[in-house]
Amino acid sequence: MLEVFAKIYEWFGLIPFYSKDMGDHLRGFDVTCTDYIATPWYSYIGWIMVVSTLFVFALQYHIVDSSRYNKAKHWWLFALGLVLLNFLIAFAIPYNDIQDGEFCNQLKLNISDCVGFGFSNALWSLILFIIVSSIPVFRAKSTNCRHTTFWKP
Amino acid sequence: MKFTVLASLLFALLFLTSCESDLDKFNEQALNFAKNDGSISQQEFEVLVETAQNSDDRGFRPFKTEAGEIDYAKLADYLAKRFAREQIEMDVADIWQPGAGSALTNKFNVNVFLENSASMDGYVDANSTAFKATMLDLLTNLENYPATDTLNLNYINSTIIPVKAAASKTDVSDFYQNLNRGNFKSQGGKRGSSDIGEILSQILNRQTSNELSVLVSDFVFSPGGQNAVKYLEGQRSLIRSEFLAARQKNPDLAVAILQGQAQFEGTYYDLNNKPHAKFAAERPYYVWLIGTVAQIQSVLDAKILNQTRSGYTNTLVIQPAGEATRPAFKVLYSPKIGQFDAKSLAQGVVSDAQAARDDRNKGVFEFNVAANFSKSMQDAGYFLDSTNYKLSDPDYRLRVRPITDQNDVSLRGFTHLLTLRTTNLKDEKLQIDVVGKVPGWVYASSSEDDTQIETAADENDKTLGLSYLIEGVSDAFYPRSQANPLYTIPITIKK
Numbered sequence: 001m002l003e004v005f006a007k008i009y010e011w012f013g014l015i016p017f018y019s020k021d022m023g024d025h026l027r028g029f030d031v032t033c034t035d036y037i038a039t040p041w042y043s044y045i046g047w048i049m050v051v052s053t054l055f056v057f058a059l060q061y062h063i064v065d066s067s068r069y070n071k072a073k074h075w076w077l078f079a080l081g082l083v084l085l086n087f088l089i090a091f092a093i094p095y096n097d098i099q100d101g102e103f104c105n106q107l108k109l110n111i112s113d114c115v116g117f118g119f120s121n122a123l124w125s126l127i128l129f130i131i132v133s134s135i136p137v138f139r140a141k142s143t144n145c146r147h148t149t150f151w152k153p
Numbered sequence: 001m002k003f004t005v006l007a008s009l010l011f012a013l014l015f016l017t018s019c020e021s022d023l024d025k026f027n028e029q030a031l032n033f034a035k036n037d038g039s040i041s042q043q044e045f046e047v048l049v050e051t052a053q054n055s056d057d058r059g060f061r062p063f064k065t066e067a068g069e070i071d072y073a074k075l076a077d078y079l080a081k082r083f084a085r086e087q088i089e090m091d092v093a094d095i096w097q098p099g100a101g102s103a104l105t106n107k108f109n110v111n112v113f114l115e116n117s118a119s120m121d122g123y124v125d126a127n128s129t130a131f132k133a134t135m136l137d138l139l140t141n142l143e144n145y146p147a148t149d150t151l152n153l154n155y156i157n158s159t160i161i162p163v164k165a166a167a168s169k170t171d172v173s174d175f176y177q178n179l180n181r182g183n184f185k186s187q188g189g190k191r192g193s194s195d196i197g198e199i200l201s202q203i204l205n206r207q208t209s210n211e212l213s214v215l216v217s218d219f220v221f222s223p224g225g226q227n228a229v230k231y232l233e234g235q236r237s238l239i240r241s242e243f244l245a246a247r248q249k250n251p252d253l254a255v256a257i258l259q260g261q262a263q264f265e266g267t268y269y270d271l272n273n274k275p276h277a278k279f280a281a282e283r284p285y286y287v288w289l290i291g292t293v294a295q296i297q298s299v300l301d302a303k304i305l306n307q308t309r310s311g312y313t314n315t316l317v318i319q320p321a322g323e324a325t326r327p328a329f330k331v332l333y334s335p336k337i338g339q340f341d342a343k344s345l346a347q348g349v350v351s352d353a354q355a356a357r358d359d360r361n362k363g364v365f366e367f368n369v370a371a372n373f374s375k376s377m378q379d380a381g382y383f384l385d386s387t388n389y390k391l392s393d394p395d396y397r398l399r400v401r402p403i404t405d406q407n408d409v410s411l412r413g414f415t416h417l418l419t420l421r422t423t424n425l426k427d428e429k430l431q432i433d434v435v436g437k438v439p440g441w442v443y444a445s446s447s448e449d450d451t452q453i454e455t456a457a458d459e460n461d462k463t464l465g466l467s468y469l470i471e472g473v474s475d476a477f478y479p480r481s482q483a484n485p486l487y488t489i490p491i492t493i494k495k
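Sequences listed follow chains A and C, in order. Going by this note's numbering, the first sequence opens with residue 1, and the numbers climb by one from there. Going by this note's numbering, the second sequence opens with residue 1, and the numbers climb by one from there.
The following block holds chain C by itself, in its conformation from the complex (with noise of 0.2 Å):
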């Protein structure tokens, strides 16, 4: 009697302390599969996916939809967070995922023009060569990249004018022992002043869905003596309708512009035509892709622009704003101020929300949400902006901050501190909405009167016109009677 009673007890406290759950088993799994080769190949994923298929371990429900089925997404952010806690090198990236890099399997045509009217003679001739390797480093990286079917050659101004269709990689080569003052003289066309709305024009008129067009300029407006404001605001409205035109044809289009900047050696033509002639400064200039989303998604993902001799300063993004998607992202737990349940903060619901009672923060409520948006094609810049951000309740606050710290593995795999606060606290559905609109670093990099350029200060590092020129290529895309959300992130709010 006694050895039986003993023996149940024993077999039960042994059973209930070395039971390993299914997510247990998963892990460890997993961790085998990453030790092989530091990484998750299609198989591995597959027999990944089936385990947490079928079974139902309560820590297989983050991974899981509604309808019970697997979200390939999270369970790969998952998995790398758990290797990076087990210190196994390895990325989402390096995980095996159905779908992924499928958006550049199709292969386009790359048409380089780069304008060579007068004003753009102060970037080839300077002594720095930095416009120039840039131009070559660029052009190369196109030549060589996979999906790049034909790369063609033109210079633009009150013309196209081709250079090299199919350029080879000595076409690209002869293509920058050309770019001079002399060269851009013998290829002809209007030089004497730019009209970026008919260039623009020309460009978009030509263009197909299988192109991506690629135009290099410094964008200075010619007014040409007109009244500027005047001026500018026609253009404004001329690209406008030349890019409402080019989407009516095209809906899936998008524009990524990239402002560089160059050494500038040589006679600027102010908004009077008036020349400034030995004019030497650091002078920004811009390279704009036009194409599909895609193919903008493809060419920035490989950061082909960003691996030239200068790189680029600032970057945008302006693309149809249909359907908002929605980013991964997460609720903390803390910081916080004010207190909350973090029972249902996976599903994004912050309940039993209390305002702050101390003195110091007396019926404040704040909470940070972190966010993912390394898979967006916009500059990770413009997201930290919050004048960029759209919250359902105005009684919010929002602050945003990047996520630079990597060895924390609650923020693994997120881009984005977005810290709300509010005095006024209820039950509510919270909507962060990212819209699309010109953001702040155009209006800074933008002036209205060019004519003291040697002497004002900052004014050097400015396009005349550039908030005319991308307001109306981003009112063509984003009207302003509309929100025009290109991300959301929802959370509710309970008391």
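The shape of chain A in the complex, shown without the other chains (with noise of 0.2 Å):
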């Protein structure tokens, strides 16, 4: 799944939005800059993002669930809310890597490679968020939500 997720955050290659570097320490590139046997951060925070998108989808849909938040507006508001997150934790898992000196330091890492990183997974959280919500299927046993979609009402 590592090299799935690697894919994934950089874009199949097209979008660089940071740098080979950094994505070779998510890969797991450890600190004596021997092999990828440190932590392999692409999967970790790849499930993470997973899983956030999926809890946010059914806090909206299926535990919250209520005729007051079944806007559009309330959609992009948990959208907001996730995206956040995801930046976050994408963001400060390699800031904290950097500020400690926990990476190999034969690469080149730095605050924007952070920035990049975060944009990339709260982008992945969005485009999850609207694929899951937009299924009919998954929000048909949502007894409020089950026509709230990032477009409608």
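For the record, the hints were derived by calculation from the structure and aren't laboratory data. These figures come from a predicted structure and were not determined experimentally.
So these bits of chain A aren't anywhere near chain C, every CB distance computed over 10 Å:
1. TRP11
2. ILE15
3. TRP76
4. PHE78
5. PHE87
6. ILE127
7. SER134
8. PRO136
Restricting the straight-line Cα-Cα distance to at most 30 Å, the calculated cross-link-like pairs of lysine-lysine (DSSO-like) are:
9. C/LYS64 to C/LYS429
10. C/LYS362 to C/LYS343
11. C/LYS375 to C/LYS336
12. A/LYS7 to C/LYS494
13. A/LYS7 to C/LYS25
14. A/LYS108 to C/LYS336
15. C/LYS429 to A/LYS20
16. C/LYS362 to A/LYS108
17. A/LYS108 to C/LYS74
18. C/LYS35 to C/LYS375
19. C/LYS343 to A/LYS7
20. C/LYS336 to A/LYS7
21. C/LYS336 to A/LYS20
22. C/LYS495 to A/LYS108
Built from N, CA and C at the ideal position, the CB exists for glycine as well.
Fit chain to chain and form the complex, with the hints in mind.
This is how it looks when you write it as structure tokens:
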């Protein structure tokens, strides 16, 4: 799954939001610069993004499931929370590694790489949220939000 | 329904964020072991090996062979780096490893031969006690060395003159007290000239695999008025022939040559045997160790020779160039010129290699390899001379630098940084060989004419015919028709 998430976050090599060196760090290139044996952050952050998206979807459609929060603007409110959460997670983890010096010193990492990865993670969580909430079958069991999507009502 | 969904999602989130890999547990266990007593014992090492052996975690991949067995040396290197990262003062030597230290288990006799021809009088007559004090330190260290079975003291010139067999501490002290011209003369033998070929022949003829010979001499040839170059060439052939014969008897034979400096005051005899009276200067002298590879390795590792009063300025080990060994090495991801992928660097593969495209370095591809030659018998300086390397692709240029920054965790455990540069990047298996040859310091210390020793610049730092002498030994170990690799570093370059 590591490489699957890596390809997704790197947008299949088409849109580099952050450097190749940051990609190597997130793949788990260790502090001794020997091999990919450190924490495989791509996998961990990827799964957190998927689970948090599903959680926010469940929160709006099945847990809160309120007639007071079933408009498109409410969808965007939940989406904003999700995007912020995922941005923060993806920004903070490599940022902390940089601050603590917990990375291979042959990789050139900086704050803009952390911002880029945070942005990439936030964008993918939004895309996944759009996809999940656009499929009617996932909304079918919601009492008050089964017609709620990012564009309606 | 709502509660079930929430609980399931929370549980899944908790599971995904809290899982700890086998490598994390392994690291934690190793750190606990290290913090206990600052070392990893046999039992602790075996526990760690078992953990790594039984896990499929990809993190253990670098320590495993293709057959899935643990590579103990690599595991110990990794642990040392990990401990350094955690500010724990430990190195590889503090980590128990199977087989480590076994080379020291066999005891051997040490036969010391001090040349007492007239050319050596100036070292023992000097007001400075540098030579004599260094000899005392050397003999004391050898006498106390655990692998020394018996220490036998001898003088040598045209013949071997035994002084003391199975020397004790008192005998060593007596030997030191008697280092003077008067005693040298009274010991007999032909002191008028130094026949180095004959001296080596006598030592090699009586050498057995259970003995380490230590020869101390100025190694100044005495052509005695003959054509010096012809004489030296003859001596080179003779010495080669003596060592070839010795290697036939003992294929594991090796020679370590250490160059020291000491004050010389007295009469210097030049290539025409003309005396230069009252000559005073710092002059080189040499200590040769002749024995098996294991004996020499153990003596050099124990730093017996370094822990003497004046130490030694240069060292050379001439050893059998059989199958080249592979030192620990690592291709560095940066610095570099051009681009390549880090994915297979641990396997020594530089993939997706591209030459630089910027105007400054257009077409250039450069990368660095960190290598650890600390386990080698050769002096660290030997590996700094790029002429001692042979590259399978002559399009590459090599520069070598020492690694001095031991605070850099990515370079810790490595001694030399090899920078490889080419303008003809292609797919290939690049082999970097360290070859056995006579190093540059020998030629820099060698003279072919010492008649102006008192006036010619640097002549007093040189030894007449040294390069011929050492080439004679080198030719017996490293035939000029062969590559003679001692170490090899294989790297695969893929575009």
